[in-house]
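Here the protein sequences come in this chain order: A and B.
Read in order, the letters of the first sequence correspond to residues 12 to 355 in my numbering.
Read in order, the letters of the second sequence correspond to residues 12 to 355 in my numbering.
Keep in mind that the hints were calculated from the coordinates and are not lab data.
One should not assume that every hint holds.
Which copy? The list can't say, so a pair holds if one copy fits it or any two copies do.
[Said to hold, decoys possible] SDA-like cross-link-like pairs, simulated, lysine to any residue; straight-line CA separation at most 25 Å:
id	residue 1	residue 2
1	LYS344	ALA333
2	LYS205	GLU83
3	LYS62	VAL249
4	LYS114	ALA64
5	LYS114	GLY297
6	LYS62	PRO352
7	LYS130	MET159
8	LYS205	TRP220
9	LYS344	GLU320
10	LYS62	GLN348
11	LYS179	ASP298
12	LYS114	LEU253
13	LYS262	LEU241
14	LYS328	ARG244
15	LYS205	VAL81
16	LYS130	ALA115
17	LYS262	THR162
18	LYS262	PRO352
19	LYS262	GLY158
20	LYS62	THR125
21	LYS114	GLY299
22	LYS262	ALA157
23	LYS179	ARG336
24	LYS262	VAL249
25	LYS344	SER174
There are 2 protein chains.
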Amino acid sequence: MRREHQPLFAIMVMTAFLGTAAVGCGPQSEESPASGVVSEPLPSWSEGATKQAITRFVTRVTDPASPDFVPEAERIATFDNDGTLWAEQPVYFQLLFAIDRVKALAPGHPEWATTQPFKAVLDDDREALAAAGEHGLLELVMATHAGMTTTEFEQIVRDWIASARHPKSGRPFTEMVYQPMLELLDYLRAHGFKTFIVSGGGIEFMRPWTEEVYGIPPEQVVGSSIKTELEMRDEGPVLVRLPEVAFVDDKEGKPVGIHSHIGRRPIAAFGNSDGDLQMLQWTAAGDGPSFCLYVHHTDGDREWAYDRESHVGRLDKGLDEAQARGWTIVDMKNDWQRVFPFED
Amino acid sequence: MRREHQPLFAIMVMTAFLGTAAVGCGPQSEESPASGVVSEPLPSWSEGATKQAITRFVTRVTDPASPDFVPEAERIATFDNDGTLWAEQPVYFQLLFAIDRVKALAPGHPEWATTQPFKAVLDDDREALAAAGEHGLLELVMATHAGMTTTEFEQIVRDWIASARHPKSGRPFTEMVYQPMLELLDYLRAHGFKTFIVSGGGIEFMRPWTEEVYGIPPEQVVGSSIKTELEMRDEGPVLVRLPEVAFVDDKEGKPVGIHSHIGRRPIAAFGNSDGDLQMLQWTAAGDGPSFCLYVHHTDGDREWAYDRESHVGRLDKGLDEAQARGWTIVDMKNDWQRVFPFED
Numbered sequence: 012m013r014r015e016h017q018p019l020f021a022i023m024v025m026t027a028f029l030g031t032a033a034v035g036c037g038p039q040s041e042e043s044p045a046s047g048v049v050s051e052p053l054p055s056w057s058e059g060a061t062k063q064a065i066t067r068f069v070t071r072v073t074d075p076a077s078p079d080f081v082p083e084a085e086r087i088a089t090f091d092n093d094g095t096l097w098a099e100q101p102v103y104f105q106l107l108f109a110i111d112r113v114k115a116l117a118p119g120h121p122e123w124a125t126t127q128p129f130k131a132v133l134d135d136d137r138e139a140l141a142a143a144g145e146h147g148l149l150e151l152v153m154a155t156h157a158g159m160t161t162t163e164f165e166q167i168v169r170d171w172i173a174s175a176r177h178p179k180s181g182r183p184f185t186e187m188v189y190q191p192m193l194e195l196l197d198y199l200r201a202h203g204f205k206t207f208i209v210s211g212g213g214i215e216f217m218r219p220w221t222e223e224v225y226g227i228p229p230e231q232v233v234g235s236s237i238k239t240e241l242e243m244r245d246e247g248p249v250l251v252r253l254p255e256v257a258f259v260d261d262k263e264g265k266p267v268g269i270h271s272h273i274g275r276r277p278i279a280a281f282g283n284s285d286g287d288l289q290m291l292q293w294t295a296a297g298d299g300p301s302f303c304l305y306v307h308h309t310d311g312d313r314e315w316a317y318d319r320e321s322h323v324g325r326l327d328k329g330l331d332e333a334q335a336r337g338w339t340i341v342d343m344k345n346d347w348q349r350v351f352p353f354e355d
Numbered sequence: 012m013r014r015e016h017q018p019l020f021a022i023m024v025m026t027a028f029l030g031t032a033a034v035g036c037g038p039q040s041e042e043s044p045a046s047g048v049v050s051e052p053l054p055s056w057s058e059g060a061t062k063q064a065i066t067r068f069v070t071r072v073t074d075p076a077s078p079d080f081v082p083e084a085e086r087i088a089t090f091d092n093d094g095t096l097w098a099e100q101p102v103y104f105q106l107l108f109a110i111d112r113v114k115a116l117a118p119g120h121p122e123w124a125t126t127q128p129f130k131a132v133l134d135d136d137r138e139a140l141a142a143a144g145e146h147g148l149l150e151l152v153m154a155t156h157a158g159m160t161t162t163e164f165e166q167i168v169r170d171w172i173a174s175a176r177h178p179k180s181g182r183p184f185t186e187m188v189y190q191p192m193l194e195l196l197d198y199l200r201a202h203g204f205k206t207f208i209v210s211g212g213g214i215e216f217m218r219p220w221t222e223e224v225y226g227i228p229p230e231q232v233v234g235s236s237i238k239t240e241l242e243m244r245d246e247g248p249v250l251v252r253l254p255e256v257a258f259v260d261d262k263e264g265k266p267v268g269i270h271s272h273i274g275r276r277p278i279a280a281f282g283n284s285d286g287d288l289q290m291l292q293w294t295a296a297g298d299g300p301s302f303c304l305y306v307h308h309t310d311g312d313r314e315w316a317y318d319r320e321s322h323v324g325r326l327d328k329g330l331d332e333a334q335a336r337g338w339t340i341v342d343m344k345n346d347w348q349r350v351f352p353f354e355d
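Here chain A stands alone, though its shape is the one from the complex (with noise of 0.2 Å):
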């Protein structure tokens, strides 16, 4: 169920290091991220028609008398991760880490100095990366990603996100998730929902932390992947990353992922690109309730203000189907009171 042949992280490409999009965040405070049980529910969202939306769509698959009733098992809700759950700006966060591993790794590759894509990432030359394309991307990704085992990658993720920041807001980027998000992802847990993601990024880039941040643990998170292999060693069974492409849980892909993942169609569906039109219109099309709902970037203070001509999560098509079938699209600078866990 897994498709070829397509370059991991393509979104990225070209946007790496064009830094396009208005750049601004909101106060920083020393409060850590608040992911539990909230009293009331969605209190960081403004009363309004799209708190209502949520609302009273939980309320119609939930209500036993509600003629939509869907029974407890049914209830999936799948998540995009970037843009959607976290921030994505001003690039993919993955991308920083695949930068970091190439310099962190650069003493133990010496021809990295003299050959592209690598010398790009390490003169922090934007320009040259940008022209080293899909193919460049490709490669720093296969250099960073595979050629470790599992248990190996895992700790590197896990090492890499409790000691990097953000370039703008100097956090950690399991801070740079939203309030408004982890209190949907609460409220429709309290209401029976399963709640999965499902991202373009890699699946094994997201699963070490996103049980403690989001409380999804890690069966319930789907994203794009690299080929493993078993390995027998002496020390006993091991499983090998390598560099290939397995499948690319974007666009298109998200529907064969969720489908290959997950074995039912989702009855909720939360994205904030393109990339996450295919998911929501797939949800769309099941027989019960469906509810789809696109968290729009438009706070360029607390946030960023991107939309149809960004190069990161860009929103253009799916803005115009969201408009014109009446799906449900979050206005972040009024439908948000607060927007990150560390805002007063």
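Got chain A sorted already, so can you dock chain B onto it with the hints?
Frame of chain A, contents of chain B only:
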């Protein structure tokens, strides 16, 4: 993360119609399968070392005072299906499904009357089918499992499961499940385990009925798969099943499938053949406590007796390793007071 270019159901090859195993079925009654809650744990298991090994392990990892306590989120248990949860004689049930499908589809394929391996199926010619080898079997699978939407295939499986009968017992295949294993699934879930199927069988062949029969929802089923592709039709998006193998979830594929779908290592694994050995090795290689169990088919009266020489579900290397490492081996004849739910 999916391995390519391996024939689906490769282990069915040459075994399809050989029927070498001793065949026998126990007494039958009109009782329906009991997959629900049981009043005392494991009532169909004989008192003794095997049952004790199970209950002691569960106590060891679930008692908060135990030094080997495992948090609930990490209590992952994986089960093979064919020969572990339901029977697999005289041949894998999915092969009987494929044969029935060839016969059902034959009127639309007049060329099959003169083309192998289809002619062999239509003529009930076991010798010719065996001669068709791996390639022929793959042709059968692709002709019967691909070329329709996922929704259509699900309905085909549902219809077959509801109407087909086991050639020896005359029972629906969903009654050819092992009562002690149903109780084990319930017992583990009652102690906070999350139960998964990890089978060489087709993932879409299992998902339509595993929740009702085993209490295992579609998202906790891992299996072999063919590729699917999103197609936009006038009536909306559909996933079309392509005649191309995506992943073979057998032998060294099982740890790969576990890692891809579940993303953490099981602490308990249950199988019955050499095809499960790598799953058990992978489970045993974890840092913490682990439990590995082989079902050994030793009861030629109530079920079938087969192991090292069998073409279906061969247990040879696995039996040696289980004995050497002290894994739990179920002696079906002595450890199970009841085999099938329909027995008195």
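To see whether the hints hold, each was checked on the structure:
{"no.": "1", "hint": "LYS344 to ALA333", "in the structure": "within (18 Å within a copy, 61 Å between copies)"}
{"no.": "2", "hint": "LYS205 to GLU83", "in the structure": "both (8 Å within a copy, 17 Å between copies)"}
{"no.": "3", "hint": "LYS62 to VAL249", "in the structure": "neither (47 Å within a copy, 31 Å between copies)"}
{"no.": "4", "hint": "LYS114 to ALA64", "in the structure": "neither (46 Å within a copy, 50 Å between copies)"}
{"no.": "5", "hint": "LYS114 to GLY297", "in the structure": "neither (46 Å within a copy, 32 Å between copies)"}
{"no.": "6", "hint": "LYS62 to PRO352", "in the structure": "within (19 Å within a copy, 49 Å between copies)"}
{"no.": "7", "hint": "LYS130 to MET159", "in the structure": "within (22 Å within a copy, 48 Å between copies)"}
{"no.": "8", "hint": "LYS205 to TRP220", "in the structure": "both (18 Å within a copy, 20 Å between copies)"}
{"no.": "9", "hint": "LYS344 to GLU320", "in the structure": "within (19 Å within a copy, 69 Å between copies)"}
{"no.": "10", "hint": "LYS62 to GLN348", "in the structure": "within (12 Å within a copy, 56 Å between copies)"}
{"no.": "11", "hint": "LYS179 to ASP298", "in the structure": "neither (44 Å within a copy, 39 Å between copies)"}
{"no.": "12", "hint": "LYS114 to LEU253", "in the structure": "within (21 Å within a copy, 42 Å between copies)"}
{"no.": "13", "hint": "LYS262 to LEU241", "in the structure": "between (30 Å within a copy, 10 Å between copies)"}
{"no.": "14", "hint": "LYS328 to ARG244", "in the structure": "between (49 Å within a copy, 18 Å between copies)"}
{"no.": "15", "hint": "LYS205 to VAL81", "in the structure": "both (13 Å within a copy, 23 Å between copies)"}
{"no.": "16", "hint": "LYS130 to ALA115", "in the structure": "within (13 Å within a copy, 61 Å between copies)"}
{"no.": "17", "hint": "LYS262 to THR162", "in the structure": "between (29 Å within a copy, 20 Å between copies)"}
{"no.": "18", "hint": "LYS262 to PRO352", "in the structure": "neither (29 Å within a copy, 45 Å between copies)"}
{"no.": "19", "hint": "LYS262 to GLY158", "in the structure": "between (27 Å within a copy, 22 Å between copies)"}
{"no.": "20", "hint": "LYS62 to THR125", "in the structure": "neither (53 Å within a copy, 63 Å between copies)"}
{"no.": "21", "hint": "LYS114 to GLY299", "in the structure": "neither (50 Å within a copy, 34 Å between copies)"}
{"no.": "22", "hint": "LYS262 to ALA157", "in the structure": "both (24 Å within a copy, 23 Å between copies)"}
{"no.": "23", "hint": "LYS179 to ARG336", "in the structure": "neither (36 Å within a copy, 54 Å between copies)"}
{"no.": "24", "hint": "LYS262 to VAL249", "in the structure": "between (32 Å within a copy, 14 Å between copies)"}
{"no.": "25", "hint": "LYS344 to SER174", "in the structure": "neither (30 Å within a copy, 56 Å between copies)"}
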